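One-letter residues, chain by chain:
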Amino acid sequence: AQSVTQLGSHVSVSEGALVLLRCNYSSSVPPYLFWYVQYPNQGLQLLLKYTSAATLVKGINGFEAEFKKSETSFHLTKPSAHMSDAAEYFCAVSDPFSGGYNKLIFGAGTRLAVHP
Amino acid sequence: DGGITQSPKYLFRKEGQNVTLSCEQNLNHDAMYWYRQDPGQGLRLIYYSQIVNDFQKGDIAEGYSVSREKKESFPLTVTSAQKNPTAFYLCASSKFEAEAFFGQGTRLTVV
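Which chain is which? The protein sequence lines are A and B, in order. Position 111, counted from 1, in the first sequence is what the working numbering calls 111; the numbers after and before it change by one each time, with no gaps. Position 78, counted from 1, in the second sequence is what the working numbering calls 78; the numbers after and before it change by one each time, with no gaps.
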């Protein structure tokens, strides 16, 4: 079965520091991959997605992620953290057998804290 | 504005009661989904529907029911058979081979 592992349930960085949130997936076929962000008591907002085009994907708010097939990874990075980046981040993979519709499988999430 | 509307935002259920969570979308998306979110567990799929009048169980469908009578609407009923219903429920929709868009969620609490 498909699974997504996010290393580190909590990550804390200083404002201006590099943000690195890790995501590894298990899949026998190249999947679609997504990063979503969630602010408290709100829904999820798409940050970026990988759909088998360029391996380096740029998203909103200065985030980007790189698909590495050999490492089955899709880590999320941002060069310089801002206080407004504090939120929970979810990595997700689409089920390749969901007939083209994105029945997503989510990681457990990483809560990012940004301190002054 | 196009989007997904979930209502109510907060819902309280008594033991043994059925409650229905509403989800409406005006994005003209074919597929709709219900997820349950618990702290530290990510999101788990309850039910999904790819076409009107058809839906499939997800990973944790026991104690829940859905209907898809209209393309725009995908209500979720939490039945009394669901023993631990307190959670944050998220509805989503998507087009074919495109990302899922999420509503703002409904927080259900058993009192």
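Hint data in this document are derived by calculation from the structure and do not stem from the laboratory. Here the structure is a predicted model, which is why all the values come from computation and not from measurement. Possibly wrong hints are sitting among the right ones.
Pair ranges (Cβ atoms, derived) [claimed, not checked]:
hint	chain 1	residue 1	chain 2	residue 2	range
1	A	Asn61	B	Glu97	34 to 40 angstroms
2	B	Leu27	A	Ser12	34 to 40 angstroms
3	B	Lys57	A	Ser26	18 to 24 angstroms
4	A	Glu66	B	Glu97	20 to 26 angstroms
5	B	Gly2	A	Ser12	42 to 48 angstroms
6	B	Gly2	A	Met83	29 to 35 angstroms
7	A	Ser70	B	Pro8	42 to 48 angstroms
8	A	Ser84	B	Leu27	22 to 28 angstroms
9	A	Glu66	B	Asn28	44 to 50 angstroms
Backbone N, C-alpha and C fix where the C-beta goes; we use that ideal spot for every residue, glycine too.
Each hint tested on the structure:
{"no.": "1", "hint": "Asn61/A x Glu97/B: 34 to 40 angstroms", "result": "25 angstroms, violated"}
{"no.": "2", "hint": "Leu27/B x Ser12/A: 34 to 40 angstroms", "result": "36 angstroms, holds"}
{"no.": "3", "hint": "Lys57/B x Ser26/A: 18 to 24 angstroms", "result": "22 angstroms, holds"}
{"no.": "4", "hint": "Glu66/A x Glu97/B: 20 to 26 angstroms", "result": "22 angstroms, holds"}
{"no.": "5", "hint": "Gly2/B x Ser12/A: 42 to 48 angstroms", "result": "36 angstroms, violated"}
{"no.": "6", "hint": "Gly2/B x Met83/A: 29 to 35 angstroms", "result": "30 angstroms, holds"}
{"no.": "7", "hint": "Ser70/A x Pro8/B: 42 to 48 angstroms", "result": "47 angstroms, holds"}
{"no.": "8", "hint": "Ser84/A x Leu27/B: 22 to 28 angstroms", "result": "26 angstroms, holds"}
{"no.": "9", "hint": "Glu66/A x Asn28/B: 44 to 50 angstroms", "result": "33 angstroms, violated"}
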